[in-house]
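K.L.:
Sequence:
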Amino acid sequence: MGTFKASVIVPVRNGAGTLGDCLAALEAQSVPRAQYEIIVVDDGSCDASASVAARFGVRVLTQPARGAAAARNWGAAHATSDILLFTDADAEPAHDWIAAMLAAFEDCRVAGAKGVYLTRQRAWVARFVQVEYEEKYARLRRADAIDFVDTYSAGYRRQVFLANGGFDESFPAASVEDQEFSFRLANRGHRLVFAPQAVVYHRHADSLGAYARKKFRIGFWKVHVHTRHPNKLWRDAHTPQTLKAQIALLGMLAVTIAATVFDSELAIAAAVLALGWLASALPLTVFIARRDPPIARIAPGMILVRAAALGLGLVAGIGGEIARSAAVKRAMDIIGAVAGLILAAPLMLLIALAIKLDSPGPALFVQDRAGLDGRPFKMLKFRSMVVGAEEMLASVLGRSQVPPPVFKMRADPRVTRVGRVLRRFSLDELPQFVNVLKGEMSLVGPRPEETRVVAQYDAWQRRRLSVKPGMTGPMQTDGRGALPLDERVRLELAYIEHYSLWQDFCLLAKTLPAVLRGPGAY
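If you read the sequence shown in our numbering, its first letter stands for residue 1, the second for the next number, and so on.
Don't take each hint at face value.
As the list claims (entries may be wrong) - PhoX-like mimics (lysine-lysine), calculated; alpha carbons at most 20 Å apart, straight line:
| hint | residue 1 | residue 2 |
| --- | --- | --- |
| 1 | K136 | K244 |
| 2 | K136 | K214 |
| 3 | K215 | K136 |
No wet-lab data here; the hints were simulated from the structure.
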(Lines of atoms letter the chains of each structure in order from A and count residues from 1; the text may use other names and numbers.)
(Lines give C-alpha, C1' and ligand atoms only; values in the text may rest on other atoms or scores of the structure.)
Protein backbone atom coordinates (compact mmCIF):
# COMPACT_ATOMS: atom_id res chain seq x y z
CA MET A 1 0.00 0.00 0.00
CA GLY A 2 1.00 3.69 0.18
CA THR A 3 3.02 5.61 2.74
CA PHE A 4 0.07 6.43 5.02
CA LYS A 5 -0.30 4.62 8.32
CA ALA A 6 -4.09 4.99 8.29
CA SER A 7 -6.96 5.84 5.98
CA VAL A 8 -9.79 7.60 7.82
CA ILE A 9 -13.15 7.09 6.07
CA VAL A 10 -16.11 9.37 6.82
CA PRO A 11 -19.43 8.65 5.07
CA VAL A 12 -21.80 11.61 4.87
CA ARG A 13 -25.27 12.27 3.58
CA ASN A 14 -26.71 15.75 4.09
CA GLY A 15 -24.31 16.33 6.97
CA ALA A 16 -22.97 19.76 6.07
CA GLY A 17 -23.93 21.07 9.52
CA THR A 18 -21.64 18.68 11.40
CA LEU A 19 -19.04 17.52 8.87
CA GLY A 20 -16.85 20.61 9.32
CA ASP A 21 -16.40 19.95 13.05
CA CYS A 22 -15.56 16.31 12.31
CA LEU A 23 -12.92 17.20 9.72
CA ALA A 24 -11.44 19.98 11.87
CA ALA A 25 -10.98 17.42 14.67
CA LEU A 26 -9.37 14.96 12.26
CA GLU A 27 -6.99 17.62 10.95
CA ALA A 28 -5.86 18.38 14.53
CA GLN A 29 -4.74 14.85 15.46
CA SER A 30 -1.59 14.16 17.47
CA VAL A 31 -0.35 11.91 14.66
CA PRO A 32 1.48 13.96 11.97
CA ARG A 33 -0.91 14.83 9.14
CA ALA A 34 1.40 13.26 6.56
CA GLN A 35 0.86 9.85 8.17
CA TYR A 36 -2.87 9.53 7.49
CA GLU A 37 -5.34 10.33 4.72
CA ILE A 38 -8.94 11.43 5.13
CA ILE A 39 -11.54 10.14 2.67
CA VAL A 40 -15.04 11.63 2.72
CA VAL A 41 -17.64 9.61 0.81
CA ASP A 42 -20.64 11.73 -0.16
CA ASP A 43 -23.63 9.39 -0.25
CA GLY A 44 -25.91 11.35 -2.59
CA SER A 45 -26.12 14.49 -0.43
CA CYS A 46 -28.52 17.25 -1.46
CA ASP A 47 -26.77 19.85 0.71
CA ALA A 48 -23.26 21.33 0.75
CA SER A 49 -21.55 18.30 2.31
CA ALA A 50 -19.15 17.81 -0.61
CA SER A 51 -18.26 21.52 -0.61
CA VAL A 52 -17.52 21.43 3.12
CA ALA A 53 -15.19 18.45 2.60
CA ALA A 54 -13.49 20.13 -0.37
CA ARG A 55 -12.66 23.19 1.76
CA PHE A 56 -10.55 20.96 4.00
CA GLY A 57 -8.61 19.59 1.05
CA VAL A 58 -9.45 15.96 1.82
CA ARG A 59 -10.23 13.28 -0.76
CA VAL A 60 -13.90 13.39 -1.70
CA LEU A 61 -15.63 10.44 -3.35
CA THR A 62 -19.23 10.66 -4.52
CA GLN A 63 -21.85 8.01 -5.13
CA PRO A 64 -25.63 7.90 -5.60
CA ALA A 65 -27.55 7.52 -2.34
CA ARG A 66 -26.91 3.86 -1.49
CA GLY A 67 -26.51 3.97 2.28
CA ALA A 68 -23.69 4.28 4.79
CA ALA A 69 -22.54 0.67 4.35
CA ALA A 70 -21.98 1.16 0.61
CA ALA A 71 -20.28 4.51 1.27
CA ARG A 72 -17.82 2.97 3.73
CA ASN A 73 -17.09 0.11 1.33
CA TRP A 74 -16.46 2.61 -1.47
CA GLY A 75 -14.03 4.50 0.73
CA ALA A 76 -12.24 1.29 1.70
CA ALA A 77 -11.86 0.31 -1.95
CA HIS A 78 -10.03 3.61 -2.60
CA ALA A 79 -7.95 3.69 0.60
CA THR A 80 -4.17 3.53 0.27
CA SER A 81 -3.08 2.32 3.72
CA ASP A 82 -3.17 -1.01 5.52
CA ILE A 83 -5.35 0.26 8.39
CA LEU A 84 -8.87 1.54 7.80
CA LEU A 85 -10.38 3.83 10.45
CA PHE A 86 -14.07 4.73 10.44
CA THR A 87 -15.99 7.50 12.15
CA ASP A 88 -19.23 9.36 11.47
CA ALA A 89 -19.83 12.80 10.02
CA ASP A 90 -21.56 13.90 13.24
CA ALA A 91 -18.69 12.77 15.50
CA GLU A 92 -15.62 14.73 16.64
CA PRO A 93 -12.60 12.50 17.28
CA ALA A 94 -10.43 13.45 20.25
CA HIS A 95 -6.95 14.76 19.36
CA ASP A 96 -5.32 11.37 20.06
CA TRP A 97 -8.03 9.22 18.46
CA ILE A 98 -5.96 8.03 15.49
CA ALA A 99 -2.96 7.32 17.74
CA ALA A 100 -5.13 5.26 20.11
CA MET A 101 -6.69 3.30 17.26
CA LEU A 102 -3.34 2.56 15.65
CA ALA A 103 -1.95 1.38 18.99
CA ALA A 104 -4.51 -1.44 19.00
CA PHE A 105 -3.02 -2.78 15.75
CA GLU A 106 0.52 -3.04 17.10
CA ASP A 107 -0.52 -6.58 18.00
CA CYS A 108 -0.35 -8.38 14.65
CA ARG A 109 -3.13 -10.74 15.74
CA VAL A 110 -5.69 -7.92 15.89
CA ALA A 111 -8.00 -7.62 12.87
CA GLY A 112 -10.30 -4.93 14.22
CA ALA A 113 -10.75 -2.48 17.09
CA LYS A 114 -13.57 -0.50 18.66
CA GLY A 115 -13.35 2.87 20.43
CA VAL A 116 -15.83 4.78 22.60
CA TYR A 117 -18.33 7.65 22.64
CA LEU A 118 -18.26 10.65 24.92
CA THR A 119 -20.61 13.63 24.80
CA ARG A 120 -20.53 17.28 25.89
CA GLN A 121 -24.33 17.50 25.97
CA ARG A 122 -26.13 18.33 29.21
CA ALA A 123 -29.68 17.35 28.22
CA TRP A 124 -30.96 14.60 30.51
CA VAL A 125 -31.85 12.18 27.72
CA ALA A 126 -28.39 12.56 26.16
CA ARG A 127 -26.76 12.02 29.53
CA PHE A 128 -28.80 8.84 30.01
CA VAL A 129 -27.63 7.61 26.60
CA GLN A 130 -24.01 8.29 27.57
CA VAL A 131 -24.24 6.33 30.82
CA GLU A 132 -26.05 3.55 28.95
CA TYR A 133 -23.01 3.29 26.67
CA GLU A 134 -20.64 3.39 29.64
CA GLU A 135 -22.36 0.36 31.19
CA LYS A 136 -21.64 -1.53 27.98
CA TYR A 137 -18.05 -0.25 27.87
CA ALA A 138 -17.56 -1.62 31.39
CA ARG A 139 -18.51 -5.06 30.04
CA LEU A 140 -16.11 -4.71 27.10
CA ARG A 141 -13.18 -3.74 29.37
CA ARG A 142 -13.45 -7.14 31.05
CA ALA A 143 -13.18 -9.02 27.74
CA ASP A 144 -9.90 -10.14 26.21
CA ALA A 145 -11.53 -10.11 22.78
CA ILE A 146 -14.88 -8.75 21.59
CA ASP A 147 -17.34 -9.45 18.79
CA PHE A 148 -19.10 -6.08 18.54
CA VAL A 149 -17.61 -3.06 16.74
CA ASP A 150 -19.55 0.15 15.99
CA THR A 151 -18.34 2.34 13.13
CA TYR A 152 -18.49 5.64 15.03
CA SER A 153 -15.01 4.66 16.31
CA ALA A 154 -13.75 1.59 14.48
CA GLY A 155 -10.67 0.24 12.77
CA TYR A 156 -9.91 -2.78 10.58
CA ARG A 157 -6.98 -4.17 8.69
CA ARG A 158 -7.79 -3.38 5.08
CA GLN A 159 -6.84 -6.84 3.85
CA VAL A 160 -9.21 -8.49 6.34
CA PHE A 161 -11.96 -5.97 5.58
CA LEU A 162 -11.86 -6.55 1.83
CA ALA A 163 -11.36 -10.32 2.06
CA ASN A 164 -14.56 -10.59 4.10
CA GLY A 165 -16.69 -8.47 1.80
CA GLY A 166 -16.95 -5.30 3.88
CA PHE A 167 -20.24 -4.05 5.28
CA ASP A 168 -23.47 -5.61 4.10
CA GLU A 169 -25.02 -3.11 1.68
CA SER A 170 -28.52 -4.60 2.01
CA PHE A 171 -29.00 -2.33 5.02
CA PRO A 172 -30.61 0.73 3.39
CA ALA A 173 -29.53 3.19 6.08
CA ALA A 174 -27.06 3.34 8.92
CA SER A 175 -28.41 0.90 11.49
CA VAL A 176 -26.61 -2.26 12.62
CA GLU A 177 -24.62 -3.21 9.53
CA ASP A 178 -21.44 -2.55 11.51
CA GLN A 179 -22.50 -5.06 14.16
CA GLU A 180 -23.26 -7.65 11.47
CA PHE A 181 -19.77 -7.26 10.01
CA SER A 182 -18.07 -7.64 13.38
CA PHE A 183 -20.18 -10.74 14.13
CA ARG A 184 -19.11 -12.12 10.76
CA LEU A 185 -15.43 -11.57 11.51
CA ALA A 186 -15.67 -12.97 15.04
CA ASN A 187 -17.44 -16.10 13.75
CA ARG A 188 -14.57 -16.59 11.30
CA GLY A 189 -11.96 -16.47 14.05
CA HIS A 190 -10.65 -12.91 13.60
CA ARG A 191 -9.50 -11.14 16.75
CA LEU A 192 -11.35 -7.90 17.63
CA VAL A 193 -10.38 -5.77 20.64
CA PHE A 194 -11.70 -2.86 22.69
CA ALA A 195 -9.70 0.40 22.57
CA PRO A 196 -11.21 2.58 25.34
CA GLN A 197 -8.66 5.37 24.77
CA ALA A 198 -9.96 5.92 21.20
CA VAL A 199 -12.57 8.57 21.96
CA VAL A 200 -14.98 10.40 19.68
CA TYR A 201 -17.41 13.05 20.91
CA HIS A 202 -20.97 12.68 19.74
CA ARG A 203 -24.37 14.35 19.80
CA HIS A 204 -26.69 11.74 21.29
CA ALA A 205 -30.48 11.81 20.96
CA ASP A 206 -31.60 14.63 23.27
CA SER A 207 -35.37 14.06 23.24
CA LEU A 208 -37.49 11.11 24.28
CA GLY A 209 -39.01 10.78 20.80
CA ALA A 210 -35.64 10.74 19.03
CA TYR A 211 -34.33 8.18 21.51
CA ALA A 212 -37.36 5.90 21.07
CA ARG A 213 -37.19 6.12 17.27
CA LYS A 214 -33.51 5.18 17.27
CA LYS A 215 -34.11 2.17 19.52
CA PHE A 216 -37.03 1.06 17.34
CA ARG A 217 -34.79 1.11 14.25
CA ILE A 218 -32.10 -0.85 16.07
CA GLY A 219 -34.65 -3.46 17.14
CA PHE A 220 -36.04 -3.71 13.63
CA TRP A 221 -32.66 -4.32 11.97
CA LYS A 222 -31.39 -6.56 14.78
CA VAL A 223 -33.76 -9.22 13.48
CA HIS A 224 -32.05 -9.04 10.08
CA VAL A 225 -28.66 -9.49 11.77
CA HIS A 226 -29.72 -12.43 13.91
CA THR A 227 -31.22 -14.33 11.00
CA ARG A 228 -27.64 -14.45 9.70
CA HIS A 229 -25.92 -14.92 13.06
CA PRO A 230 -28.34 -16.86 15.29
CA ASN A 231 -25.47 -17.80 17.62
CA LYS A 232 -25.30 -14.12 18.68
CA LEU A 233 -28.97 -14.03 19.63
CA TRP A 234 -28.28 -15.28 23.14
CA ARG A 235 -25.02 -13.52 23.93
CA ASP A 236 -22.57 -11.01 22.53
CA ALA A 237 -19.85 -8.95 24.15
CA HIS A 238 -21.81 -5.70 24.05
CA THR A 239 -25.44 -6.40 25.00
CA PRO A 240 -26.33 -6.91 28.71
CA GLN A 241 -28.41 -9.99 29.40
CA THR A 242 -30.63 -7.83 31.62
CA LEU A 243 -31.69 -5.86 28.54
CA LYS A 244 -32.98 -9.02 26.87
CA ALA A 245 -34.81 -9.93 30.08
CA GLN A 246 -36.42 -6.47 30.19
CA ILE A 247 -37.73 -6.79 26.64
CA ALA A 248 -39.12 -10.29 27.27
CA LEU A 249 -40.68 -9.39 30.63
CA LEU A 250 -42.26 -6.22 29.26
CA GLY A 251 -43.77 -8.14 26.35
CA MET A 252 -45.21 -10.78 28.67
CA LEU A 253 -46.47 -8.06 31.02
CA ALA A 254 -48.29 -6.26 28.19
CA VAL A 255 -49.98 -9.48 27.06
CA THR A 256 -50.91 -10.44 30.62
CA ILE A 257 -52.42 -7.01 31.38
CA ALA A 258 -54.50 -7.22 28.19
CA ALA A 259 -55.64 -10.73 29.19
CA THR A 260 -56.89 -9.54 32.59
CA VAL A 261 -59.94 -8.17 30.74
CA PHE A 262 -61.03 -11.80 30.29
CA ASP A 263 -59.62 -13.24 33.51
CA SER A 264 -59.11 -10.92 36.49
CA GLU A 265 -57.06 -13.54 38.33
CA LEU A 266 -54.21 -12.84 35.91
CA ALA A 267 -53.66 -9.56 37.76
CA ILE A 268 -51.47 -11.47 40.22
CA ALA A 269 -49.32 -12.78 37.36
CA ALA A 270 -49.09 -9.23 35.98
CA ALA A 271 -47.90 -7.95 39.35
CA VAL A 272 -45.22 -10.67 39.53
CA LEU A 273 -44.03 -9.80 36.03
CA ALA A 274 -43.93 -6.09 36.92
CA LEU A 275 -41.78 -6.84 39.96
CA GLY A 276 -39.53 -9.01 37.82
CA TRP A 277 -39.14 -6.19 35.32
CA LEU A 278 -38.24 -3.68 38.06
CA ALA A 279 -35.66 -6.14 39.39
CA SER A 280 -34.12 -6.45 35.91
CA ALA A 281 -33.84 -2.64 35.67
CA LEU A 282 -32.15 -2.29 39.06
CA PRO A 283 -28.51 -3.01 37.99
CA LEU A 284 -28.49 -0.26 35.36
CA THR A 285 -30.27 2.15 37.70
CA VAL A 286 -27.61 1.58 40.37
CA PHE A 287 -24.84 1.99 37.78
CA ILE A 288 -26.36 5.30 36.66
CA ALA A 289 -26.74 6.51 40.26
CA ARG A 290 -23.00 6.02 40.75
CA ARG A 291 -21.97 7.72 37.48
CA ASP A 292 -24.52 10.55 37.14
CA PRO A 293 -26.82 10.66 40.22
CA PRO A 294 -29.39 13.16 38.86
CA ILE A 295 -30.07 10.91 35.85
CA ALA A 296 -31.02 8.06 38.20
CA ARG A 297 -34.34 9.89 38.74
CA ILE A 298 -35.38 9.28 35.12
CA ALA A 299 -33.59 5.95 34.71
CA PRO A 300 -36.58 3.60 35.30
CA GLY A 301 -38.72 5.52 32.81
CA MET A 302 -35.94 5.63 30.21
CA ILE A 303 -35.25 1.91 30.67
CA LEU A 304 -38.96 1.26 30.13
CA VAL A 305 -38.97 3.33 26.92
CA ARG A 306 -35.84 1.53 25.74
CA ALA A 307 -37.33 -1.93 26.28
CA ALA A 308 -40.65 -0.97 24.68
CA ALA A 309 -39.07 0.63 21.59
CA LEU A 310 -36.62 -2.22 21.07
CA GLY A 311 -39.39 -4.79 21.58
CA LEU A 312 -41.71 -3.11 19.09
CA GLY A 313 -38.83 -2.86 16.64
CA LEU A 314 -38.12 -6.57 17.04
CA VAL A 315 -41.78 -7.43 16.38
CA ALA A 316 -41.80 -5.22 13.27
CA GLY A 317 -38.48 -6.72 12.19
CA ILE A 318 -39.82 -10.26 12.50
CA GLY A 319 -42.77 -9.23 10.35
CA GLY A 320 -40.38 -7.74 7.83
CA GLU A 321 -38.28 -10.91 7.70
CA ILE A 322 -41.41 -13.00 7.14
CA ALA A 323 -42.40 -10.68 4.29
CA ARG A 324 -38.89 -11.01 2.84
CA SER A 325 -38.66 -14.75 3.37
CA ALA A 326 -38.06 -17.15 0.51
CA ALA A 327 -41.15 -19.17 1.54
CA VAL A 328 -43.46 -16.17 1.17
CA LYS A 329 -41.91 -15.19 -2.15
CA ARG A 330 -42.20 -18.76 -3.41
CA ALA A 331 -45.86 -18.92 -2.39
CA MET A 332 -46.51 -15.67 -4.26
CA ASP A 333 -44.70 -17.10 -7.29
CA ILE A 334 -46.81 -20.26 -7.36
CA ILE A 335 -50.10 -18.42 -6.93
CA GLY A 336 -49.14 -15.81 -9.53
CA ALA A 337 -47.88 -18.36 -12.06
CA VAL A 338 -51.00 -20.56 -11.78
CA ALA A 339 -53.26 -17.52 -12.14
CA GLY A 340 -51.18 -16.23 -15.04
CA LEU A 341 -51.32 -19.51 -16.95
CA ILE A 342 -55.08 -19.82 -16.45
CA LEU A 343 -55.80 -16.25 -17.53
CA ALA A 344 -53.34 -16.24 -20.44
CA ALA A 345 -54.14 -19.72 -21.77
CA PRO A 346 -56.50 -18.58 -24.59
CA LEU A 347 -54.06 -15.85 -25.67
CA MET A 348 -51.14 -18.27 -25.59
CA LEU A 349 -52.99 -20.68 -27.88
CA LEU A 350 -53.62 -17.86 -30.37
CA ILE A 351 -49.97 -16.77 -30.20
CA ALA A 352 -48.76 -20.32 -30.86
CA LEU A 353 -51.07 -20.58 -33.87
CA ALA A 354 -49.90 -17.20 -35.24
CA ILE A 355 -46.25 -18.23 -34.93
CA LYS A 356 -46.84 -21.48 -36.79
CA LEU A 357 -48.70 -19.69 -39.60
CA ASP A 358 -46.10 -16.93 -39.90
CA SER A 359 -42.88 -18.93 -40.24
CA PRO A 360 -41.70 -22.55 -40.22
CA GLY A 361 -40.50 -23.98 -36.93
CA PRO A 362 -41.74 -24.68 -33.40
CA ALA A 363 -43.93 -22.23 -31.47
CA LEU A 364 -41.66 -22.38 -28.41
CA PHE A 365 -38.00 -21.43 -28.18
CA VAL A 366 -35.83 -22.98 -25.45
CA GLN A 367 -32.55 -21.35 -24.46
CA ASP A 368 -29.97 -21.87 -21.73
CA ARG A 369 -30.02 -18.95 -19.30
CA ALA A 370 -28.16 -18.34 -16.01
CA GLY A 371 -30.32 -18.87 -12.95
CA LEU A 372 -29.71 -18.73 -9.21
CA ASP A 373 -25.95 -18.76 -8.45
CA GLY A 374 -25.29 -18.86 -12.20
CA ARG A 375 -26.68 -22.38 -12.64
CA PRO A 376 -28.02 -22.83 -16.22
CA PHE A 377 -31.66 -23.70 -16.82
CA LYS A 378 -33.90 -24.07 -19.88
CA MET A 379 -35.87 -20.84 -20.27
CA LEU A 380 -39.06 -20.97 -22.33
CA LYS A 381 -40.19 -18.26 -24.76
CA PHE A 382 -42.50 -18.01 -27.70
CA ARG A 383 -40.29 -18.09 -30.78
CA SER A 384 -39.91 -14.55 -32.15
CA MET A 385 -37.03 -15.22 -34.60
CA VAL A 386 -36.43 -17.44 -37.56
CA VAL A 387 -35.16 -20.95 -36.91
CA GLY A 388 -31.35 -20.94 -36.61
CA ALA A 389 -31.19 -17.31 -35.42
CA GLU A 390 -28.52 -18.11 -32.79
CA GLU A 391 -26.16 -19.38 -35.49
CA MET A 392 -26.64 -16.05 -37.31
CA LEU A 393 -25.66 -13.92 -34.29
CA ALA A 394 -22.06 -13.35 -35.39
CA SER A 395 -23.26 -11.65 -38.60
CA VAL A 396 -25.18 -8.93 -36.71
CA LEU A 397 -23.13 -8.45 -33.54
CA GLY A 398 -21.52 -5.26 -34.86
CA ARG A 399 -24.93 -3.59 -35.23
CA SER A 400 -25.90 -3.75 -31.54
CA GLN A 401 -27.57 -0.64 -30.03
CA VAL A 402 -25.98 -1.31 -26.61
CA PRO A 403 -22.32 -1.96 -25.72
CA PRO A 404 -21.08 -5.58 -25.61
CA PRO A 405 -21.28 -8.18 -24.23
CA VAL A 406 -25.06 -7.57 -24.39
CA PHE A 407 -26.64 -7.62 -27.85
CA LYS A 408 -29.79 -5.58 -28.59
CA MET A 409 -30.69 -4.35 -32.05
CA ARG A 410 -33.64 -2.46 -33.48
CA ALA A 411 -34.98 -3.97 -36.71
CA ASP A 412 -33.05 -7.21 -36.18
CA PRO A 413 -33.42 -9.04 -39.52
CA ARG A 414 -33.76 -12.37 -37.69
CA VAL A 415 -37.03 -11.34 -36.01
CA THR A 416 -40.26 -12.53 -37.67
CA ARG A 417 -43.35 -10.39 -38.33
CA VAL A 418 -45.27 -11.97 -35.47
CA GLY A 419 -42.11 -11.83 -33.37
CA ARG A 420 -41.97 -8.03 -33.62
CA VAL A 421 -45.44 -7.77 -32.11
CA LEU A 422 -44.62 -10.31 -29.40
CA ARG A 423 -41.43 -8.47 -28.43
CA ARG A 424 -43.10 -5.05 -28.47
CA PHE A 425 -45.56 -6.15 -25.79
CA SER A 426 -43.36 -8.81 -24.10
CA LEU A 427 -45.87 -11.50 -25.01
CA ASP A 428 -43.01 -13.83 -25.93
CA GLU A 429 -42.27 -14.12 -22.19
CA LEU A 430 -45.63 -15.69 -21.23
CA PRO A 431 -44.37 -19.33 -21.27
CA GLN A 432 -42.00 -18.40 -18.44
CA PHE A 433 -44.91 -18.88 -16.04
CA VAL A 434 -43.91 -22.56 -16.43
CA ASN A 435 -40.32 -21.73 -15.38
CA VAL A 436 -41.75 -19.95 -12.33
CA LEU A 437 -43.86 -22.97 -11.38
CA LYS A 438 -40.79 -25.21 -11.69
CA GLY A 439 -38.88 -22.94 -9.30
CA GLU A 440 -36.29 -21.90 -11.89
CA MET A 441 -37.55 -18.31 -11.99
CA SER A 442 -39.58 -15.92 -9.86
CA LEU A 443 -42.32 -13.50 -10.88
CA VAL A 444 -40.03 -10.60 -9.94
CA GLY A 445 -36.24 -10.46 -10.03
CA PRO A 446 -33.29 -9.69 -12.30
CA ARG A 447 -33.95 -10.76 -15.87
CA PRO A 448 -32.35 -14.15 -16.75
CA GLU A 449 -29.13 -13.51 -18.64
CA GLU A 450 -27.68 -15.50 -21.51
CA THR A 451 -24.91 -17.81 -20.31
CA ARG A 452 -22.48 -16.37 -22.88
CA VAL A 453 -22.92 -12.91 -21.32
CA VAL A 454 -22.59 -14.20 -17.75
CA ALA A 455 -19.27 -15.80 -18.70
CA GLN A 456 -17.94 -12.25 -19.30
CA TYR A 457 -19.24 -10.75 -16.03
CA ASP A 458 -16.92 -8.92 -13.67
CA ALA A 459 -16.97 -10.02 -10.00
CA TRP A 460 -19.33 -7.21 -8.91
CA GLN A 461 -21.77 -8.03 -11.71
CA ARG A 462 -22.04 -11.66 -10.58
CA ARG A 463 -23.82 -10.47 -7.43
CA ARG A 464 -27.01 -10.21 -9.50
CA LEU A 465 -26.98 -14.03 -9.68
CA SER A 466 -27.55 -14.31 -5.90
CA VAL A 467 -31.35 -14.50 -6.41
CA LYS A 468 -33.63 -16.24 -8.87
CA PRO A 469 -34.19 -14.41 -12.15
CA GLY A 470 -37.63 -12.92 -12.70
CA MET A 471 -40.25 -12.58 -15.43
CA THR A 472 -40.28 -8.89 -14.63
CA GLY A 473 -38.06 -6.65 -12.54
CA PRO A 474 -36.34 -3.29 -12.45
CA MET A 475 -34.92 -3.76 -15.95
CA GLN A 476 -38.41 -4.35 -17.39
CA THR A 477 -39.89 -1.25 -15.77
CA ASP A 478 -36.93 1.11 -16.26
CA GLY A 479 -35.61 0.91 -19.79
CA ARG A 480 -35.77 -2.76 -20.82
CA GLY A 481 -33.42 -3.66 -23.65
CA ALA A 482 -32.06 -0.12 -24.08
CA LEU A 483 -30.04 -0.29 -20.85
CA PRO A 484 -26.27 -0.96 -21.02
CA LEU A 485 -25.14 -3.92 -18.93
CA ASP A 486 -23.58 -1.90 -16.08
CA GLU A 487 -26.66 0.30 -15.68
CA ARG A 488 -28.95 -2.73 -15.73
CA VAL A 489 -26.86 -4.54 -13.14
CA ARG A 490 -26.85 -1.50 -10.84
CA LEU A 491 -30.64 -1.37 -10.96
CA GLU A 492 -30.88 -5.06 -10.20
CA LEU A 493 -28.35 -4.93 -7.36
CA ALA A 494 -30.35 -2.10 -5.80
CA TYR A 495 -33.43 -4.35 -6.03
CA ILE A 496 -31.56 -7.20 -4.35
CA GLU A 497 -30.04 -5.04 -1.61
CA HIS A 498 -33.36 -3.42 -0.69
CA TYR A 499 -35.64 -6.39 -1.30
CA SER A 500 -39.12 -6.42 0.18
CA LEU A 501 -42.43 -8.00 -0.74
CA TRP A 502 -43.85 -4.51 -1.16
CA GLN A 503 -41.16 -3.73 -3.72
CA ASP A 504 -42.20 -6.84 -5.67
CA PHE A 505 -45.83 -5.70 -5.69
CA CYS A 506 -44.79 -2.24 -6.88
CA LEU A 507 -42.71 -3.67 -9.73
CA LEU A 508 -45.57 -5.97 -10.78
CA ALA A 509 -47.91 -2.96 -10.82
CA LYS A 510 -45.44 -0.96 -12.95
CA THR A 511 -44.88 -3.75 -15.47
CA LEU A 512 -48.06 -3.39 -17.56
CA PRO A 513 -47.74 0.42 -18.02
CA ALA A 514 -44.05 -0.06 -18.92
CA VAL A 515 -44.93 -2.74 -21.48
CA LEU A 516 -47.64 -0.57 -23.05
CA ARG A 517 -45.28 2.42 -23.31
CA GLY A 518 -42.70 0.13 -24.91
CA PRO A 519 -39.35 1.85 -24.24
CA GLY A 520 -36.45 -0.43 -25.11
CA ALA A 521 -38.75 -3.15 -26.48
CA TYR A 522 -36.91 -4.67 -29.43
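K.L.:
Does the structure keep K215 and K136 at a Cα separation of 20 Å or less?
P.N.:
16 Å, holds
K.L.:
Within a Cα-Cα threshold of 20 Å, do K136 and K244 meet the stated pairing?
P.N.:
14 Å, holds
K.L.:
Is the Cα-Cα distance between K136 and K214 20 Å or less?
P.N.:
The given pair, whose Cα atoms are some 17 Å apart, holds under the 20 Å limit.
Hint violations for this structure: none, all hints satisfied.
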